[in-house]
Amino acid sequence: MTTMTTTGPDRPVDATGSPAIVVRGLTKRFGAVTAVDDLSFEVRPGWVTGFLGPNGAGKSTTLRMLLGLVTPDAGSAAVLGLPYRSLAAPAEAVGALLEVQSFNPLRSGRNHLRVLAAASGLSDARVDEVLTQVGLTEAASRKAGGYSLGMRQRLGLASALLGDPRVLILDEPANGLDPQGIRWLREFLREFAGLGGAVLVSSHLLSEMAQMADEVIVIDRGRLIRQGAVAEVTAGGRSRLRVASPDRRALERALIDAGFDPRSDGEGFLLSAATADRVGRVAMQAGVPISELAKQEDTLEDAFFEMTDGGER
Amino acid sequence: MRHEIRSEFRKLRTTRTVWGLLGAVAALTGLGAWGVLAGSDAEFAGASLDGLPVFLVATTVVAALAVVAGVRAYTDEVRYGSIVPTLVSTPDRRRVVAAKVLVIGAAAAIFGLVAVGVGAGVSLVWFAVHGVEVTVGAAALAALGAKMMLLGAAWSAIGVGVGLVVGHQVAALVGSLLYVLVIEDLIGAFAGGVAKYLPGGAADAVVGLAPGGMTVLAPVAGAMLIAAWGAVSVVAGDRRLQRRDIA
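Line by line, the protein sequences are chains L and A.
Here my numbering is used: the first residue of the first sequence is 8, the next is one more, and so on.
Here my numbering is used: the first residue of the second sequence is 218, the next is one more, and so on.
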C-alpha cells in the first residue's frame, strides 16, 4: 500500500477471517420514504466488494449509517466487529470517501489533510505520503476550491488513506476521474485488497464495477437484490444471441414466424433463449442472408438491469 | 481531546476567516469609539478611561462578531461538506463540539482584548487631539480587558450552540445577529425587568456599563449568568448534533 503501481490483478484465493463489515437488518426512513429497507450483507477482507444500485437506491444512506453519520431506525452496522462510533482509532480502522466536495474551498489540499491528520493524531509526514500516493503533491499548496473534479476525488482518497486503514468505504470514487485515474484506482483497490484489506465501493457505473470488484452487492429501493461474485451474478442472467441481416424486415418476419421474440438492437436483433444453430437454420429456410450471428454473454450491466427493472423509477 | 483541539485550531489558522473577523472587531470598535466621542456633548475632562461609553460600542461589536465566529464554527463545515470528514475522523461528536467551543472561545476572547485595546487607543488619540485630560487607570483597563475576553468567549459559545441547533448558516447568522443588535433592545423596551437576565443584559452587567440607565446585575452575577447562557446554548447544540443525521 505504499506505491502507486501494482502488479496486476491479485484476486484473493480465499477470504479467511471474520467479515470486515457486517450489516444486519439495516433500515432507515426519511419521512415517508424508506431509503434503506431491512438490508443485510457482509464485506470480507481481501475482497473488493462493489455496492451497486441505481441512483437513489439507498447506497449513500447505507454507507453513512456504516460510518455513524446517519442513525438507523432499525438494525445494525458494524465495522471490524464494532459500531463505527465505538471504534477506538477510527482512522486506522476505516478510510472513507463520501462526497466529492468535503473541504473548505479556501483551505489548501495539504492543510485540509493536516486538519484531519491532527484530529486522528497522525503526523504531517503522513499527509505528504498520502499526497504522493494519490499524485497530488504538486497541487497540495493550492486552494482546494480550485481543484478539478478528478483532483477533488484524489484529495478525498488521500484523506481516506491517511490512517493507513484496514477497511475502505468509498462512495462513487471513480466519479470525475479520467481514464488514467480510474485505472489507477482500480489497481490501487486491487492491491489494497490483495494485502488483506476490505473494500466496499459504491457505483452506479456497472462496466466500471465489473472490472473493479470481485464481488457485488446489488440493491434497489433500499433492498438487497443480490450478493455474489461478479461471475455468479452475471451467470444468473441469460445469454443472448445477436443476429443481423441486410434484409432486416425479412429476418424479423422469419424469426417471428419461427416463434422467437426479436428485440431490435441497432441494425440487428437480440434473441433470448436461442441457439446459433437454430437461428441459422431458420434464416436458411426462409432464404434470408445473415450478416452477423454472435452469442452475447450477459454482462454485469445486463444482469443489473434485469434485477432492478431496468433501473427505471 | 488534545487531537480534536489541535484539529480545530488548524481549521482556524488555515483560512483567513478569523483574521477577517478580528479586523472587523478592530475597525468597528475604532470607528465606533471615535463616533461616540465626537458625537457626545458630555464633558470628558478628568474622566477615567475605562468608564467611557466608548466601551459600550466595544461590547456590542465583540458580541456580534464573537457570535458570528461561533455560528460559523459548525455551519461553515455543513456548508462546505467538511463536516463529513470531521465526524468520520472524530465520531464522538461531543468532542468535536467541545473542541470548537474551546478554540473559537479562545479566538473570541482575543476579539475582546483587541476591542478594549483599540477602544482605549482611539480614545486616547481623540482626547490628545482635543486637548482633554483623562485618567488612564492601567489596572482598571486591564480588568476591562479581562471582562471583555470573558464576554467574547461566552458570546462565541452562544453562537456555537445556535449554529448547531439551527444548522443552516444564513438562518443562524441572521437570527443571532438580529438578536444581538435589535431583539434584545426591543425586549428591554417592552419588558425591562426581564432584560437584565438576558445574555446582553448580563454582558452589560459584566462591564458595568448600563446603557440608558438600565438596571443591571452585579458584575460577578452577570459573568456567571452569561457563562450559563453559553453553557445552555452549547448543551442544546450538542444534543441537537447527537441526533442529527449527516445525510
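Since the hints were made in silico from the structure, they are not lab data.
The beta-carbon is built from N, C-alpha and C at its ideal position, and this holds for glycine as well.
It cannot be assumed that every hint is accurate.
Reference listing, derived: stretches of chain A covered by chain L, where coverage requires no fewer than 3 residues with Cβ under 8 Å from a Cβ of chain L [claimed, not checked]:
1) 296-305
2) 362-375
3) 388-397
Every beta carbon over 10 Å from chain L, so not counted as near; a handful from chain A, in silico [claimed, not checked]:
4) E221
5) S224
6) D258
7) T277
8) P308
9) L330
10) V346
11) G410
12) A464
**Asked** Hint by hint, which ones does the structure fall short of?
**Response** 2, 3, 4, 5, 8, 12
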